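J.: Given only the sequences and the hints, what does the whole structure look like? Please build it.
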Amino acid sequence: MNRYPMWKNIFVAIMILIGFIYTIPNFFGESPAVQITPAKSTTKLDSALLGQVEAIFKQEKIQYDGVYLDARGVKARFASTDTQIRAKDVLQASLGSDYTVALNLLSRSPNWLRSLGAKPMYLGLDLRGGVHFLMQVDMKAALSKAAERFVGDFRIALRKERISYVGVSREGEIVQVRFNNEADLTKARTVISKEYPNLTLDESTDGEEKILKASLSLVEQKHIQDFAIKQNIQTLHNRINELGVAEPIIQQQGADRVVVQLPGVQDTAKAKEILGRTATLEIRMVDEEKTDIATLESAAKGQAPMGDEVYKDREGRPILVKKNVVLTGDYITDAGPGVDNQSGRSTVNVTLDGRGARIFQQVTRENVGKRMAILLIEKGSTEVVTAPVINGEIGGGRVQITGMANTQEATDIALLLRAGALAAPMDIIEERTVGPSMGQDNINRGMHSTMWGFAAIAVMMMIYYMAFGVVSVAALAINLLLLVAILSMLQATLTLPGLAAIALALGMAIDANVLINERVREELRSGNTPQASIHAGYDRAWDTILDSNVTTLIAGLALFMFGTGPIKGFAVVHVLGILTSMFSAVLVSRAFVNLIYGYRRKVSKLSIGQIYKA
Amino acid sequence: MELFRIKNDIPFMSYGRLTTSISLITFILAIIFLATRGLNFGVDFTGGTVMEVNYPQAANLESVRKAVDSIGLKEATVQNFGSSRDVLIRLPVKTGLSVSQLSEQVKTALVTADPQAEIRRVEAVGAQVGDELYENGGLALFFVSLGIVLYLWLRFEWRFAIAAIIANMHDVVIILGFFAFFQWEFNLTVLAAILAVLGYSVNESVVVFDRVRENFRKMRKASVVQVIDNAITRTMSRTIITHTMTQTMVGSMLLFGGEVLHNFALALTIGILFGIYSSVLVACPIAMWLGVNRANLIGDVEKKEGGKKVEVEVAEPHPSDFA
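Going down the list, the protein sequences come from chains Z and H. Per our numbering, the very first residue in the first sequence carries number 1; after that it's consecutive. Per our numbering, the very first residue in the second sequence carries number 1; after that it's consecutive.
Be aware that one or more of the hints could be misleading.
[To be verified] Reference excerpt, derived from the structure (chain Z facing chain H, CB under 7 angstroms, subset only):
1) Gly-172
2) Pro-248
3) Ile-250
4) Pro-497
5) Ser-548
[Said to hold, decoys possible] Using C-beta positions, here's what the derived DEER-type ranges look like:
6) Z:Phe-27 - H:Gly-291: 31 to 39 angstroms
7) H:Leu-290 - Z:Phe-27: 35 to 43 angstroms
8) Z:Asp-98 - H:Lys-66: 44 to 52 angstroms
9) Z:Met-6 - H:Ile-25: 54 to 62 angstroms
10) Z:Tyr-122 - H:Thr-36: 53 to 61 angstroms
11) H:Leu-290 - Z:Leu-579: 29 to 37 angstroms
Bear in mind the hints are in silico, worked out from the structure with no lab data behind them. Note that this is a predicted model, so its numbers are computed, not measured. Using N, Cα and C, we set each Cβ at its ideal position, and we do this for glycine too.
T.: In structure tokens, the structure reads:
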């Protein structure tokens, strides 16, 4: 009765094997590495880059342990930190500003493990060192900015329809238009409600004046807020790329917050400066009249003609553009990829606000057949993103930029256009910095706690329960193995509270084995045969183990739902630890006991410590 | 080896009045400390900045204080922790200055005063974030309690659910009382520890309740008091061994875990010690006084099982049980 069917033994063995495979990457340690990622989302990432990097290493005689290409970029491992730093400098110099080269640590685990997707646990900032920022997007400012745009839009619309008004002003997020009489107001109302269906309109009087109040509808407010946070995250992405951070995390948290985690970054002042910076987008005309080979050449040497400036486009060709700025990124309300109905080619569709639309219409009318340059100005350097030819007058504020190679590029450029500047100001409302030595200290603390605690428990269990104690300790060790394997597989962020949760999970998991062992003893005490006692002991203990684990699980899930940061890290490990402990304490320990006792013909005594018979 | 050789059941329930009185007194004391001294909330909840700075030699607290004062932060506290080379600086939230600006200013001041200062850890939390964490902590505690009550209600009976949650909430209050009395810092990890303890010591009640239910089935002739006494006596060995093991692990954390895990391990220690006591010696008497008996615990099951009329012996607690 104490034999598992073959499949069950095999199942347990396979689980242990899988646990073992996914745990070992944690033992190989990490070696210094550099990570090469494209600085812009439009730069291609393929094996060509891999070859390029290898060629650079050969040329510069840099010894490397391995070069790999993954979804994020190219990574190279080195034997020492000196080589790593030299490689970084060489790569940065050879590859130029198209690629970001960042220092990183890479697992030293062999290739066959990597091909199985087995990676070491993902360490949180408190274990590897780095900065954590929580940034709050100023949504009120985003809404005010949107309302401010309507002030200009209304003026233009009313003038166009020749409706006379006294004034347009903004109060908070409400735009007020004052009229002398009811008739004008009614006419204006029809015009505005037709052009801006997403606004909620209201009327009131102030002495002689009639007032039309326009406020953003809830749907529109939500749209503006969503757009603001998405754009801010995109902008942050682009900026952090410049910082050269390996594996940054930028995530939305709640409706109006962004979490930014920069592992390995110590210069917090610089990080803050770059995150808070404002970048701009400009549309200017290409100076076609002066564009000839001679002027371009002298312009490249720094002698641009009067009223012009020279910039490079994405292929590195110089373009002569006028100093006069037609439009800035502030007029863009949205940008997205699209398809040209006639040619079927990919496009980027930009939506301008009312004023931007009017300016754009006028400029395009006057410059048909000429080229218009879209420039991105970031950190003092300017680049021409694209310079399309104007085919005709463009009204309505919807601009279609053609000439995209494919949908991917269109998507990327749309992102770039949106990502030019922050849509709304952001404040850092939480900062956590952990120095690199502190990170290592924290790892040691967590490891030592677990190790010594485990050792003490193991000794006590074996003394108290003899062979059953050995089985319990083996089950506990497998629990640890499985927990580490699952954490490595999920690549869940392991923090110091997470390490504490591992230790605590072990301390709590032993409960199940104690319950079982005590039950078996009790069955023996009441005079049952050894085999029957094992069977009944495991059987009866199961109900209790289930109940007690469910209550612990409830606590763990609540922690997960309401916890943030360190608490969440604790909760994840806590919950996983409960699940693995149910498996190992019951199934695995029973498998061991079965192997020891289940196949003997006659068992007269169980090695479970001395038992006092009543 | 066998530590617990108990021939007869220990009459735990006859000590019911004593054990609950001890609990009540500790509970009231905890409430008094909480009310008079209050909790020493960490920056996680109040907002503000904590900095850990390490110096190659023993730190000169006076000069560190001067450096912090020089940028107009008179409310800052500067103290040693761990060793004489480690300094902990605490700053309250300052209006008109974002937490990150403040921390940057202090860092500059410290490094200017002593270029060898190594900033090992900075935690700067805005007041608004603190309020939210506070609120979420309360919500988490509420939902954990609710979840546990509902589960025990489904699995056992409402009397057990109420008894278990009263016993365990009183553990939480006692842990808080300790933190108030000693003015230990109460931060997010301590909250995590408290919620973990809540789940853990309910285990304890569950194990005993499980046994009580089983005994009601087996010990047909026994009174409620006998049944409960037997259940506690039989599970006592397991209770003590398990808690010793868990406490060993927590003790290891207390020894090796360093500053960050120290209060976490402390909260767990208090929780485990009081958890043993209350989840058995408080939860059981309460369940008994609420009127737990054979009928309301397994009555339904027996009807389903047998289909025939089963004689159910109802043993009401007799006044002499409490003497």
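J.: Take the hints in turn and mark each one as holding or not.
T.: How the hints compare with the structure:
1. Hint status for Gly-172 of chain Z: violated, given a least beta-carbon distance of 21 angstroms to chain H, over 7 angstroms.
2. The criterion of a C-beta within 7 angstroms of any C-beta in chain H is not met by Pro-248 of chain Z, whose closest approach is roughly 17 angstroms, and the hint is violated.
3. At a threshold of 7 angstroms, the smallest CB-CB gap from Ile-250 of chain Z to chain H is about 17 angstroms, leaving the interface hint violated.
4. Of the supplied interface hints, the one on Pro-497 of chain Z holds, with its beta-carbon coming within about 6 angstroms of a beta-carbon of chain H, less than 7 angstroms.
5. Hint on Ser-548 of chain Z holds. Least Cβ distance to chain H is approximately 4 angstroms, under the 7 angstroms limit.
6. As the Cβ distance of Phe-27 of chain Z to Gly-291 of chain H is approximately 57 angstroms, the hint placing it in 31 to 39 angstroms is violated.
7. Range check, Leu-290 of chain H to Phe-27 of chain Z: about 53 angstroms between beta-carbon atoms, so the 35 to 43 angstroms window is missed.
8. Between Asp-98 of chain Z and Lys-66 of chain H, the C-beta spacing of about 49 angstroms keeps the proposed range 44 to 52 angstroms intact.
9. For the pair Met-6 of chain Z and Ile-25 of chain H, the supplied restraint of 54 to 62 angstroms holds, since their beta-carbon distance comes to about 59 angstroms.
10. Separation of Tyr-122 of chain Z from Thr-36 of chain H is about 45 angstroms and departs from the stated range, judged on CB atoms against 53 to 61 angstroms.
11. For Leu-290 of chain H and Leu-579 of chain Z, the Cβ-Cβ distance of about 33 angstroms falls inside the hinted range of 29 to 37 angstroms, so the restraint holds.
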